[in-house]
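S.K.: Chains as they are written, first to last, in our numbering: chain A, 1 to 277; chain B, 1 to 277; chain C, 1 to 277; chain D, 1 to 277.
Check each hint, because a few of them may be wrong.
[As the list claims (entries may be wrong)] Coverage of chain B stretches by chain A, computed from C-beta distances (three or more under 8 Å per stretch; other residues unrestricted):
{"#": "1", "stretch": "53-64"}
{"#": "2", "stretch": "77-89"}
{"#": "3", "stretch": "228-235"}
{"#": "4", "stretch": "242-249"}
[Said to hold, decoys possible] Covered by chain A, according to a simulated footprint, are these stretches of chain B (three or more residues, beta-carbon under 8 Å):
{"#": "5", "stretch": "38-46"}
{"#": "6", "stretch": "140-148"}
{"#": "7", "stretch": "167-181"}
{"#": "8", "stretch": "263-273"}
[To be verified] Residues from chain C that face chain A, not an exhaustive set, calculated with beta carbons under 8 Å:
{"#": "9", "residue": "L27"}
{"#": "10", "residue": "S30"}
{"#": "11", "residue": "A91"}
{"#": "12", "residue": "F122"}
{"#": "13", "residue": "S203"}
{"#": "14", "residue": "V210"}
{"#": "15", "residue": "Q218"}
{"#": "16", "residue": "L274"}
Don't read these hints as lab results, they were simulated from the structure.
Note that beta-carbon positions come from the ideal geometry of N, C-alpha and C, so glycine has one too.
Number of protein chains: 4
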Amino acid sequence: MTTTAHRDGHTPAAPGTVGPIGYSLPLSPSGKASMLTPPPWHFCGEILMVDYRVDPDAARRFLPPGLDPGADPGAAAAVFATWQWCSQDGAELADPAVCQFSEFLILLSCTFEGRPMARCPFAWVDQPVPMMRGWVQGMPKQFGAIHRTRPVTVGRAGSRLAPGGRFDGALSVHGRRSVEASVTIERSTERPPALHDVPLAHSLVFPEWVPSAPPRTQLVASEVSDVEFSLIWSGPGHLTYLDRLGEDFASLSPLEVRTGYVFTYGETLHGGRLLRE
Amino acid sequence: MTTTAHRDGHTPAAPGTVGPIGYSLPLSPSGKASMLTPPPWHFCGEILMVDYRVDPDAARRFLPPGLDPGADPGAAAAVFATWQWCSQDGAELADPAVCQFSEFLILLSCTFEGRPMARCPFAWVDQPVPMMRGWVQGMPKQFGAIHRTRPVTVGRAGSRLAPGGRFDGALSVHGRRSVEASVTIERSTERPPALHDVPLAHSLVFPEWVPSAPPRTQLVASEVSDVEFSLIWSGPGHLTYLDRLGEDFASLSPLEVRTGYVFTYGETLHGGRLLRE
Amino acid sequence: MTTTAHRDGHTPAAPGTVGPIGYSLPLSPSGKASMLTPPPWHFCGEILMVDYRVDPDAARRFLPPGLDPGADPGAAAAVFATWQWCSQDGAELADPAVCQFSEFLILLSCTFEGRPMARCPFAWVDQPVPMMRGWVQGMPKQFGAIHRTRPVTVGRAGSRLAPGGRFDGALSVHGRRSVEASVTIERSTERPPALHDVPLAHSLVFPEWVPSAPPRTQLVASEVSDVEFSLIWSGPGHLTYLDRLGEDFASLSPLEVRTGYVFTYGETLHGGRLLRE
Amino acid sequence: MTTTAHRDGHTPAAPGTVGPIGYSLPLSPSGKASMLTPPPWHFCGEILMVDYRVDPDAARRFLPPGLDPGADPGAAAAVFATWQWCSQDGAELADPAVCQFSEFLILLSCTFEGRPMARCPFAWVDQPVPMMRGWVQGMPKQFGAIHRTRPVTVGRAGSRLAPGGRFDGALSVHGRRSVEASVTIERSTERPPALHDVPLAHSLVFPEWVPSAPPRTQLVASEVSDVEFSLIWSGPGHLTYLDRLGEDFASLSPLEVRTGYVFTYGETLHGGRLLRE
């Protein structure tokens with residue numbers, strides 16, 4: 001039986017054969033050396049998010065076949081998140097050097113077969129396991145330095161989650177400050193920000209290594225459950241793209257910056273659902 | 001007038017002279033290039049703390065002249081903290097890459113002229129400004145990697161601040177895991193842990209560089225105000241010293257591990273008060 | 001024509017279609033946002049390598065179908081490398097924050113259809129692009145901290161490349177020191193170490209995300225050219241596995257440590273050749 | 001006798017007294033927990049250096065009393081270095097995670113009592129021990145990310161040390177790219193660059209913590225021996241100050257960029273000599 005290494009019944013890489021196994025590389029005799037655990041993965045994130053608008057034509061050029069701009073072309077969001085995560089059995093929580101990471105990502109409004117979804121053209125994280133797990137699900141996570149001020153509940157070293165409180169986020173890539181954002185809180189609501197409350201549509205693609213038929217790209221939707229939002233604090237947002245990330249990234253520069261949000265978010269990610277080959 | 005660079009009236013390094021000035025290095029024409037701002041500094045920390053006991057003789061050997069073991073010799077605490085901080089004008093809060101750090105430190109119970117205090121024989125932080133600021137106040141901060149699981153309020157990726165919740169801390173130094181700790185919550189109280197509620201007594205000492213009279217060591221107490229504690233969650237603590245930090249550190253290994261605590265703490269640090277030359 | 005983003009004629013991810021393109025994620029309108037450039041990639045590495053022997057049965061359990069233990073079962077090597085790299089057009093060399101990384105890897109002796117090859121069961125690097133590029137070629141690169149002392153040519157802060165010189169390597173993973181090695185030089189030779197002079201046989205495998213037929217694993221060999229060795233310095237090696245990387249890694253612990261080597265190595269990596277589906 | 005912890009006879013911090021000792025914090029029973037070893041310290045550095053000119057008035061404003069602009073006011077140099085170092089007994093060389101760091105610094109031409117010297121107004125390193133050691137000697141080292149391409153001797157992933165070879169350096173501070181430089185080699189010489197071949201004059205200053213008489217600033221010169229240069233490769237230099245480091249740093253922006261150099265340098269640093277109280 002080779003499945004002992006697989007906590008939730010996922011098929012190991014090399015079932016029923018002699019040879020090392022695993023959900024991911026590295027393959028090993030027991031499968032336990034796999035860098036990634038199979039889904040489901042639980043997440044809890046402290047989020048700073050700013051809605052903005054980009055050139056609708058620029059946004060459209062980032063949508064793969066199957067996705068349409070939808071009713072609000074050019075709607076976008078910048079999201080800074082500080083995550084804690086664990087696998088199904090929660091084992092990573094006992095090692096705080098493993099179970100946390102920070103992330104910055106951009107979301108574009110879109111639709112699939114008329115249903116609202118979000119497309120993530122760019123994302124950065126500061127830990128290798130989430131980066132690799134991003135590629136497994138078609139999410140284009142690269143490596144960066146992401147920082148976000150956190151609300152305080154005592155003392156004078158920061159803002160409280162209350163009107164007047166200000167929270168900032170910053171992204172640096174290869175030692176170059178690339179994005180800065182802030183939110184100044186005016187009110188609270190229970191309604192989640194639109195782009196954080198729709199499924200994500202990613203493209204599964206893996207770089208060609210051995211000469212082959214054209215690589216297959218699959219459009220997939222992430223399958224999540226147990227979505228939970230805290231109260232949503234909101235107010236005027238600010239967002240600045242700084243330099244150095246190239247023409248494609250720059251084409252999504254903010255034309256208009258709108259509301260910002262601060263909230264906490266939980267979800268469980270189970271795998272992907274094929275939308276279109 | 002050279003004082004414009006000094007936000008709170010501290011005397012610049014070279015008052016009234018020609019030449020560059022500053023609260024700290026680097027000195028510069030305006031004084032604004034100083035790596036450190038002068039106190040006061042505001043702090044808000046998320047804390048995981050474990051009380052333990054060490055060999056009272058070993059603890060005594062870490063106390064400088066002027067400090068006595070007091071009524072509870074061998075009482076010690078290990079503290080993991082995730083801090084947000086800012087100077088008097090709060091400027092650092094607008095740059096989240098600057099205003100946060102993590103810390104691990106050890107506290108030993110002691111007294112000065114009969115009053116309870118705490119002595120910090122070892123501390124590690126993960127940012128350079130807090131490290132250097134530690135030496136300015138006589139706190140022996142070195143560089144390390146400090147991680148601490150955080151309570152969650154939504155989702156399944158961590159424990160809530162409630163009975164049964166478990167929180168972990170870890171310290172690595174030069175790529176070697178050195179300390180691990182955890183607390184499993186059983187109850188809450190408003191009474192702060194004893195060793196986190198007394199003044200710290202540090203030794204101001206700076207390494208000799210030019211041949212000179214014997215370097216002066218001053219025993220000082222940190223001057224703090226605006227101390228604020230959240231509710232204190234507590235329960236059984238665990239604490240393990242792993243290897244590689246040398247015989248002095250090892251001499252403070254836990255003989256008995258007691259209660260652990262999880263709480264939030266705020267303070268403002270104003271400078272030092274001379275206890276003894 | 002969508003190939004302008006592809007420096008050497010590799011097929012883009014979505015040729016001839018509407019939609020973003022790229023050799024890898026992130027896909028983008030121009031394809032230039034791709035985190036990875038397509039091969040060829042040039043490498044120059046400063047290497048510290050130690051030959052050792054492991055339990056032949058343990059080694060065999062890491063070989064996938066198609067690879068055999070060969071004439072010297074249990075022969076292994078530990079390799080610390082400090083790399084500089086660039087793509088075909090050399091563009092990365094103008095950004096020294098991008099074109100360098102360090103690596104630690106283990107090699108096991110094996111054969112494919114009777115020809116000597118090496119299998120890499122474990123590897124760690126300290127930069128995200130090489131990590132992801134490892135998975136593209138089937139090399140199980142994870143993230144770690146890798147350090148290696150370098151030879152000096154002036155002054156007293158290190159050894160020269162000459163008899164008596166000692167060089168050290170160290171690997172830490174998640175803040176835990178895992179491997180330490182050293183070589184003390186006795187002589188030089190022009191003959192490369194056996195396990196650094198054979199092709200690498202990797203397993204292309206990508207974690208399952210959408211429910212599908214059993215994931216395909218392909219056995220591939222890396223295609224390299226322009227291999228160049230410096231003079232090879234060698235002498236007694238030392239190698240210690242420390243803890244914390246799990247039973248699979250531990251099963252390859254050294255039973256006997258042999259010669260160590262210090263040398264410089266260059267190669268160009270062009271892609272993969274399919275050995276077996 | 002308390003001197004066992006002191007490898008070269010330096011007076012410990014608290015000789016002849018009860019209480020913990022050490023060359024630096026942390027003080028401990030044996031003194032061996034000191035973060036810093038006492039000098040001498042040996043260094044070997046791979047250097048990329050670019051001569052440039054700044055506004056002579058701006059440069060003068062960085063000179064403390066006692067230093068004069070000298071015969072070539074406004075002469076400056078930007079230096080990127082990758083160092084290996086060890087204490088007198090070489091112990092650090094056995095831990096490659098400890099004995100290496102990178103540095104960027106600026107030098108200004110000046111004189112003390114008519115003798116040519118160099119003043120370092122700004123410096124950054126990427127390791128905590130060298131940062132703290134900088135302050136001990138009056139060198140204003142802060143924390144940054146420093147990268148430098150290295151010469152290759154085999155393969156195609158970089159330039160050789162030969163005419164036409166190009167080498168780059170980059171500094172980032174708090175995730176912001178601040179300085180970029182390059183040198184394209186045209187020739188070699190045995191004459192060291194002027195600003196790398198004169199003593200450094202630093203200001204010993206330590207931030208005030210307890211209210212006191214005005215803090216003393218001492219002008220000191222570093223005492224070095226065993227200076228050794230490799231062959232010096234030189235050619236046209238490029239140097240760009242990017243943003244974000246404040247008005248004082250910006251006042252030293254290049255008005256004219258001159259020759260660049262690539263070389264290896266060794267020295268032993270023994271302590272300081274008082275130039276002026």
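S.K.: Next, verify each hint and record whether it holds.
M.R.: Hints versus structure:
| no. | hint | in the structure |
| --- | --- | --- |
| 1 | 53-64 | violated (count 0) |
| 2 | 77-89 | holds (count 4) |
| 3 | 228-235 | holds (count 3) |
| 4 | 242-249 | violated (count 0) |
| 5 | 38-46 | holds (count 3) |
| 6 | 140-148 | holds (count 3) |
| 7 | 167-181 | holds (count 4) |
| 8 | 263-273 | holds (count 5) |
| 9 | L27 | holds (6 Å) |
| 10 | S30 | holds (6 Å) |
| 11 | A91 | violated (12 Å) |
| 12 | F122 | holds (6 Å) |
| 13 | S203 | holds (6 Å) |
| 14 | V210 | holds (5 Å) |
| 15 | Q218 | holds (7 Å) |
| 16 | L274 | holds (5 Å) |
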